[in-house]
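Sequences listed follow chains A and B, in order. The opening residue of the first sequence carries number 1 in this note's numbering; numbering runs sequentially from there. The opening residue of the second sequence carries number 1 in this note's numbering; numbering runs sequentially from there.
Certain hints may be false.
[Unchecked claim] So the derived list for chain A, only partly shown, Cβ under 8 angstroms to chain B, looks like this:
#1 ARG24
#2 PRO31
#3 PRO48
#4 LYS91
[What the hints assert, rightly or not] Here are the simulated DSS-like cross-link-like pairs (lysine-lysine), alpha carbons at most 30 angstroms apart as the crow flies:
#5 A:LYS54 to B:LYS243
#6 A:LYS21 to B:LYS243
#7 A:LYS12 to B:LYS72
#8 B:LYS235 to A:LYS12
#9 B:LYS227 to B:LYS182
#10 A:LYS54 to B:LYS227
#11 A:LYS77 to B:LYS242
#12 A:LYS62 to B:LYS72
#13 A:LYS21 to B:LYS242
#14 A:LYS91 to A:LYS21
#15 B:LYS269 to B:LYS178
#16 B:LYS269 to B:LYS72
#17 B:LYS178 to A:LYS54
#18 A:LYS91 to A:LYS12
#19 B:LYS277 to A:LYS54
#20 B:LYS235 to A:LYS65
#21 B:LYS269 to A:LYS12
#22 B:LYS189 to A:LYS77
#23 B:LYS136 to B:LYS242
#24 B:LYS227 to A:LYS21
#25 B:LYS277 to B:LYS313
#26 B:LYS227 to A:LYS77
#27 B:LYS136 to A:LYS21
#28 B:LYS136 to A:LYS12
#29 B:LYS227 to B:LYS72
#30 B:LYS235 to B:LYS277
#31 A:LYS12 to B:LYS182
#32 B:LYS277 to B:LYS242
#33 A:LYS77 to A:LYS62
#34 A:LYS54 to B:LYS136
#35 A:LYS62 to A:LYS91
#36 A:LYS92 to A:LYS54
#37 A:LYS77 to B:LYS182
#38 B:LYS72 to B:LYS235
#39 A:LYS54 to B:LYS182
FYI, nobody ran anything at the bench for these hints, they're computed from the structure. Every residue, glycine too, gets a C-beta built ideally from N, C-alpha and C.
Chain by chain, the residues:
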Amino acid sequence: MITNFITQVSTKFNPFSASSKPARLFLASLPPNARSSGGMTIQTQLLPRNSTEKPTLYVKFKDGKEMNLDPSVLGIKSIVEEVDRHSRILKKAADLANA
Amino acid sequence: MPPRLRCTAVRGLSSAIKPLNSRIATRSAALLIPSTQTPRQYATAAPVSFGIPDDYIPPTKPPTARPADTRKAQLLRTYTSLLRTTPLILLFQHNNLTAVEWAAVRRELRVALREVSAPGTESEGIANHTHIQILKTRIFEVALKTIEFYDPSKVKPTTVSAITGEKVQVVHNHDLSKAAWKAVQEATKNGAPENSTYAQLEPLLVGPLAALTLPSVSPQHLAAVIKVLSPSPPKFPAPSRKKSPGYYDMHMQNGLQKLLLVGGRIENKAFDLEGVKWVGGIENGLEGLRAQVVHMLQSAGMGLTSALEGAGKSLWLTMESRRSVLEEEQNGGKEEEKKE
C-alpha cells in the first residue's frame with residue numbers, strides 16, 4: 001500500500017464485532033514510522049463491546065482529498081485498492097514534478 | 001545459514017507458564033518401545049544389520065532448522081498451557097512496533113510493576129512473571145478452541161501392539177492428538193456455540209496480536225499495566241513526567257501510540273476495554289475486596305440477629321399486650337359480676 005500521501009487516518013470500531021476486521025488490518029498495514037517521519041495523524045476510537053455502531057474509516061490525503069470508507073462493506077483488499085487508486089495519481093504527479 | 005543445533009535459551013511465552021500441578025496421569029506412547037533391550041545373539045563375529053538404522057533421516061525430509069520453541073506444534077502446546085494456567089490475559093493489537101519501541105515498552109512496564117509491589121512478597125512474584133509477548137494469531141485461536149472444546153480426561157484408551165508384540169492400552173490425549181482435533185471439529189461444525197468464550201473472543205483474534213499475561217488476578221498490578229499501556233486520565237492517569245522520565249522517551253511514546261488494548265480474558269471470560277478497566281479499578285486489590293466481603297458478612301449477621309430477635313420480640317410484645325388485655329377483661333368481668 002502506498003502510504004506516503006496519506007496525512008490523516010481516523011477510525012472508530014468495536015473490536016468485538018467481525019466487521020472491525022478491515023479497519024484493524026488497515027491500521028496494521030501502516031508503516032512503523034508513519035507518525036514520526038510521514039507526518040501522519042492516526043486516531044483510533046474503540047467502541048464498547050455491546051455497541052452496534054458501524055465501524056468507520058476516514059482517510060485524508062496530501063492534496064486534501066477525503067475518503068470515508070465503510071469497513072463493514074469493503075474488505076481490506078478493496079480498501080487498499082481504493083486508497084491506492086488515489087495515491088497512484090498523487091505519486092505520478094509527484095514523480096513528474098521531481099523529474 | 002544458522003547453525004542447526006541451538007543452545008537452549010529461555011525465550012518466548014514458555015517462560016511465563018507455570019507447571020501444571022495436576023497432570024492427567026496416563027500411559028504415554030513412549031511406553032510402546034521396550035525399556036530393556038535384550039541383546040541379540042548372532043552366530044557371526046560381526047553383527048550385520050540389514051534394516052534401516054534408528055537415526056536414519058531421509059534426504060528429502062531433513063530435520064527442521066527452526067528453533068524448537070517457535071515451531072507450530074510447540075507454539076500450540078505453549079499457548080494451550082498458557083491459557084490453562086494464566087487467569088488474566090490482555091490482548092493488544094500491535095501496529096508495526098520496532099524492536100527499540102518494544103524494548104522501551106517492556107522497560108516501562110517493568111518499572112511500573114516494580115513500583116506497586118513490595119520486595120519479598122507475593123506481589124513481587126506477580127510483577128516478575130508479567131510479560132508482554134507477541135502471539136501467532138491463528139495458532140492462538142486454535143489453542144483457544146482446543147482448551148474450550150476438548151476435555152483430555154474423556155479420551156478412551158486405544159489398544160496398540162508394542163514392538164515386543166504385546167498389546168498395550170495407550171491414551172493419546174495430548175493437545176496435538178487426533179482426539180483433540182476431532183473434538184474441536186465436532187464442537188465448531190455449525191459455528192462455535194455463542195455462549196462459549198471462544199465465540200466471544202474470536203472477532204478479536206485478527207491481525208497482529210500481543211498478549212500481556214499476569215500470573216494471577218491482581219487488580220493493583222492490572223491497574224499499573226493499564227496506566228502504562230493504555231492510560232485514560234480520570235482513573236488511570238499516565239505516570240508523571242517527573243516520576244518516570246523514561247515514559248516520555250520518544251521510543252516509548254511512539255510505541256504506545258501503536259499499541260491498542262482490544263480486550264482481555266479474565267478467569268476464562270471475555271472482557272472489553274471497559275471491563276478490563278473495571279477489574280483494574282477494584283480498590284486496594286484483592287485485600288480490599290476481602291475486607292468488603294467480611295464487612296458485608298458482618299453487617300448481614302448483625303442484621304440477621306436483629307431480624308430474628310425482632311420476630312421474637314414482637315411476638316412477646318403482642319402476647320404480653322394480649323395477656324394484659326385478657327387480665328384486664330377478667331378483672332373487669334369479675335368487678336362487673338361483683339357489682340351485680
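Which of the listed hints are broken here?
4, 5, 6, 7, 9, 11, 12, 13, 17, 20, 23, 25, 26, 29, 31, 36, 37, 38, 39
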